[in-house]
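Trainee: The primary structure of each chain is shown beneath.
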Amino acid sequence: MEKTRVIVGLGSCGIAAGANKTYQEFQRIMETDKLDIELRKTSCIGMCYREPLVEIIDEQGSYLYGEVDAGRVDEIIDKHIKKFTPISDYIVQSDKIPGKDQHFFDEQVKISLRNCGHIDPESIEEYEARDGYKAIGKIADKGISPDQVIQDVLDSGIRGRGGGGFSTGMKWRFARNNQSDQKYVICNADEGDPGAFMDRSILEGDPHGVLEGMIICGYAIGASEGYIYCRAEYPLAIKRLNLAINQARERGYLGKDIFGINGFHFDIKIKEGAGAFVCGEETALIASIEGARGMPRRRPPFPAESGLWKHPTNINNVETFINIPWIIFNGPDAYAKYGTEKSKGTKVFALTGKINNGGLVEVPMGISIKDIIYKLGGGITDGKKFKAVQLGGPSGGCIPEHLSHTPVDYDSVNATGAIMGSGGMVVMDETTCVVDIAKFFLDFTQKESCGKCTFCRLGTKRMLEILTRITEGEGKEGDIEMLEDLADTIKDSSLCGLGQTAPNPVLTTIKYFRDEYEAHIRDGKCPALSCKKLLTYTVIDEKCTGCMACIKGCPVDAIEGERKQVHKILQDVCIQCGVCFTRCKFDAIKLS
Amino acid sequence: MRIQRVKPRVEQKEDRAPVDLTLIDGLLKKYQNLKGNLIPILQGTQDVYGYLPKEAFQHIHQATGIELNELYGVATFYAQFRLTPAGKHIVKMCHGTACHVQSVTAITDEILDTLQIKDGETTKDGLFTVETVACLGCCSLAPVMMIGEETYGKLTPKQAVKIIREIRRSENN
Numbered sequence: 020m021e022k023t024r025v026i027v028g029l030g031s032c033g034i035a036a037g038a039n040k041t042y043q044e045f046q047r048i049m050e051t052d053k054l055d056i057e058l059r060k061t062s063c064i065g066m067c068y069r070e071p072l073v074e075i076i077d078e079q080g081s082y083l084y085g086e087v088d089a090g091r092v093d094e095i096i097d098k099h100i101k102k103f104t105p106i107s108d109y110i111v112q113s114d115k116i117p118g119k120d121q122h123f124f125d126e127q128v129k130i131s132l133r134n135c136g137h138i139d140p141e142s143i144e145e146y147e148a149r150d151g152y153k154a155i156g157k158i159a160d161k162g163i164s165p166d167q168v169i170q171d172v173l174d175s176g177i178r179g180r181g182g183g184g185f186s187t188g189m190k191w192r193f194a195r196n197n198q199s200d201q202k203y204v205i206c207n208a209d210e211g212d213p214g215a216f217m218d219r220s221i222l223e224g225d226p227h228g229v230l231e232g233m234i235i236c237g238y239a240i241g242a243s244e245g246y247i248y249c250r251a252e253y254p255l256a257i258k259r260l261n262l263a264i265n266q267a268r269e270r271g272y273l274g275k276d277i278f279g280i281n282g283f284h285f286d287i288k289i290k291e292g293a294g295a296f297v298c299g300e301e302t303a304l305i306a307s308i309e310g311a312r313g314m315p316r317r318r319p320p321f322p323a324e325s326g327l328w329k330h331p332t333n334i335n336n337v338e339t340f341i342n343i344p345w346i347i348f349n350g351p352d353a354y355a356k357y358g359t360e361k362s363k364g365t366k367v368f369a370l371t372g373k374i375n376n377g378g379l380v381e382v383p384m385g386i387s388i389k390d391i392i393y394k395l396g397g398g399i400t401d402g403k404k405f406k407a408v409q410l411g412g413p414s415g416g417c418i419p420e421h422l423s424h425t426p427v428d429y430d431s432v433n434a435t436g437a438i439m440g441s442g443g444m445v446v447m448d449e450t451t452c453v454v455d456i457a458k459f460f461l462d463f464t465q466k467e468s469c470g471k472c473t474f475c476r477l478g479t480k481r482m483l484e485i486l487t488r489i490t491e492g493e494g495k496e497g498d499i500e501m502l503e504d505l506a507d508t509i510k511d512s513s514l515c516g517l518g519q520t521a522p523n524p525v526l527t528t529i530k531y532f533r534d535e536y537e538a539h540i541r542d543g544k545c546p547a548l549s550c551k552k553l554l555t556y557t558v559i560d561e562k563c564t565g566c567m568a569c570i571k572g573c574p575v576d577a578i579e580g581e582r583k584q585v586h587k588i589l590q591d592v593c594i595q596c597g598v599c600f601t602r603c604k605f606d607a608i609k610l611s
Numbered sequence: 270m271r272i273q274r275v276k277p278r279v280e281q282k283e284d285r286a287p288v289d290l291t292l293i294d295g296l297l298k299k300y301q302n303l304k305g306n307l308i309p310i311l312q313g314t315q316d317v318y319g320y321l322p323k324e325a326f327q328h329i330h331q332a333t334g335i336e337l338n339e340l341y342g343v344a345t346f347y348a349q350f351r352l353t354p355a356g357k358h359i360v361k362m363c364h365g366t367a368c369h370v371q372s373v374t375a376i377t378d379e380i381l382d383t384l385q386i387k388d389g390e391t392t393k394d395g396l397f398t399v400e401t402v403a404c405l406g407c408c409s410l411a412p413v414m415m416i417g418e419e420t421y422g423k424l425t426p427k428q429a430v431k432i433i434r435e436i437r438r439s440e441n442n
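First to last, the sequence lines map onto chains V and E.
The opening residue of the first sequence carries number 20 in my numbering; numbering runs sequentially from there.
The opening residue of the second sequence carries number 270 in my numbering; numbering runs sequentially from there.
Derived by calculation from the structure, the hints in this document are not laboratory data.
Treat the hints with caution; some may be incorrect.
What the hints assert, rightly or not - With a cut-off of at most 25 Å between alpha-carbon atoms, the simulated SDA-like pairs for lysine to any residue come out as follows: (1) V:LYS604 to E:THR374; (2) V:LYS604 to E:LYS427; (3) E:LYS431 to V:ASP606; (4) E:LYS299 to V:GLU269; (5) V:LYS466 to E:GLY356; (6) V:LYS571 to E:THR425; (7) V:LYS604 to E:GLN385; (8) E:LYS427 to V:ARG582; (9) E:LYS431 to V:ALA89; (10) V:LYS40 to E:GLU419; (11) E:LYS423 to V:ASP606; (12) E:LYS423 to V:GLU86; (13) V:LYS471 to E:LEU352; (14) E:LYS431 to V:CYS566; (15) E:LYS423 to V:THR400; (16) E:LYS423 to V:ILE399; (17) E:LYS323 to V:GLY310; (18) V:LYS466 to E:GLY319; (19) V:LYS571 to E:GLU435; (20) V:LYS471 to E:ALA348; (21) V:LYS258 to E:TYR318; (22) V:LYS40 to E:SER439; (23) E:LYS393 to V:GLY572; (24) V:LYS329 to V:LYS471; (25) V:LYS480 to E:GLU390; (26) V:LYS288 to E:PRO309; (27) V:LYS604 to E:ASP382.
Unchecked claim - Residues on chain V that point at chain E, a partial pick, calculated with CB under 7 Å: (28) PRO213; (29) PHE216; (30) ARG219; (31) ALA251; (32) ALA293; (33) ALA295; (34) GLY310; (35) ARG312; (36) VAL445; (37) THR451; (38) THR601.
Cβ coordinates follow ideal geometry from the N, Cα and C atoms, glycine included.
This is chain E alone, in the form it adopts within the complex:
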């Protein structure tokens, strides 16, 4: 069921920094009154903030007149949209058929174990979010993971953990 994609109710923390809503005004102007504008607006908003903040929904609603329930309905239907902030590095673990056959599950487990989080969660230091995704389309390099724009192929659990550790080390320096 797609509604499973709605993560258990995580209230967006009220003590976070205020969201600068003017950042999306250009975007809203560009798509104002265009047919089928809802998804591009949400995609653009997520590009700006890295997620869809609660305040942005209100703002989009006021600017475009699109009903809140419609906005929320679309935002929770598609896997791309997130309602909570993501880590600095998004680790996408490919769980397509080819990767599955080449035991990607063991690699994902090892990474989650190293970072001490569950699938879809973000580490406490806000560095990593790990997500399992359907297929990255690099099947002949299976098993594959993608960190940011970089794709890593033919992985073993050890290599994968090493890559994560290296990123963490360079971040801490």
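Same shape as in the complex, but just chain V:
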């Protein structure tokens, strides 16, 4: 009989939700009660809204428990492990009994995330047990040629998952066809899009999968060195990658003549990014590895021709690399079976914002946005009205509710004015102001512009000033047209993707929500009741207890009243800072 296994999810988000304490509590009780069970670690299974997650596998089956904070550990050990009675109230998924979140998994097809949440990312044995390093093994055993590997990648139809959507096989072929004594493979792990965290989860959950993808790429294009350019903000990912690289070196999976292929040398190094969004752009990323300011340069020559230290270089995103071993092992047809005609395979999305079930989901391309939000995401928080979804981060755009039937594939999403991007999907409800969202993204790109191109450097700043004015009730007739004009110019005259796409959030919100812009400008009103400067704060007399909390908090003494008497806000003094609203314990401050 196998020991009962208890597996605790210890990804960054799990840890933030308290999973470390849960793990320690299991450890403590195990030791004091001398329980003969096996306690293990894994990473994120994507169900972030139920963290901390604990899976128990016993001889009857597997049971995934949700929201297991340290306080619940005792009960679970007592009932499930000692008395063999699973607690169905806490179980979110199981192969034995119906779990309450089964629907979250039903529509998903896990290829990129095949190992996340199932293996201990710090154990190379567990990766190998799930067909790890067998794709490169297959190449070595069958003597598959580099050209055939590239053909397989081409046949699978996979396109770059970092956002651009360029054919991965084509990219590899260009790099292969350029002759040089030294070539490089770079894994772009500089995931900077606010609202996207799929790369982090993959790196934390399945680091060996990424390494194997890079090794296969090195074999295919004829490179001997690989770099992983990872954000310094992801310390856990860097730690696990370092561990994985060392394990792979010990096994002889990295080094000289690896996998018995004569003359195939390959090793991987990690480069920590230093905090610059623009370094996600490939030429800026290369400049950063070379030790310079991360500023993009003109293309051509493309990195496939002249990249890192002027040698042919192939750059792919984390999610692209993780798919490669699966494609080689299972064959390109198995991959191409999923998806639409022009967008093959699956895509990982990070579902966040005003949604009930936030987390990571992997779905076949072509599923509609509506299905992702309602079937997997469980709909909008607090039963509010769905307004729009922001796709593609600062380079993307807002897709409104009436276009939510749009299938997620590269071409359909582009047609709406948004982009697929890396897959951040931020859901907004009726209380989110789209002008404010556009301003938020412009503020981001404006700060992150490297400053090389005038229109990106100054144009985004001017756009931000106009948007700020609009949200503060100082908008003028002609502002919308001015924004559109600036946006077109910035798109046309910027060198890299950052500038060329920076105006997208503004353009899409104007396209679909022009009336909201007009309401701000003409009527001085924010329909979503979100822009502070356009709000009026008043006291609801019946609810006010006269506790003076708001009076003490008000920075400009705009509230008058005595203890135990109804307070009053002086509108001509009020600066709409909202402090009274957050301080009031009795919901006695009204917004309008």
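Chain E: place on chain V using the hints.
Mentor: Just chain E now, kept in the frame of chain V:
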């Protein structure tokens, strides 16, 4: 513009304790003559001192031959590098999209108000530095803040201030 990241000229105080430059000699030796060594050297230096002291620039320049302007150019381009000492606890407020939608701005304001500093500044007692950052990648726990290595999710302004106060209390004891 990235050059906005250069904080208004704060002269590094001359009366601070002398910087022990030998602490980075091992690091400089390790990266000597390696291609692309500039950023790792600066990152290592910051790990040692918590910031990049003026003297260190000179020292790195003399040891490696990398021009001062190049060093300064890189140090001011990337958000990670700081030219002034930071507080003991660095509070990173996530201002990613998901956190923004969940009103993180109100929380940041409340914290800055409690500590009586502005974004990017350090408290007088040197305990806290508050920074707004792009995205910490814990979007489903939004709004999020990170203090040291610890991440706090699903915050309200009150909870956030309570966490800060607790740290301050335990420091003062």
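Trainee: Which of the numbered hints are not met once you compare them with the structure shown?
Mentor: none
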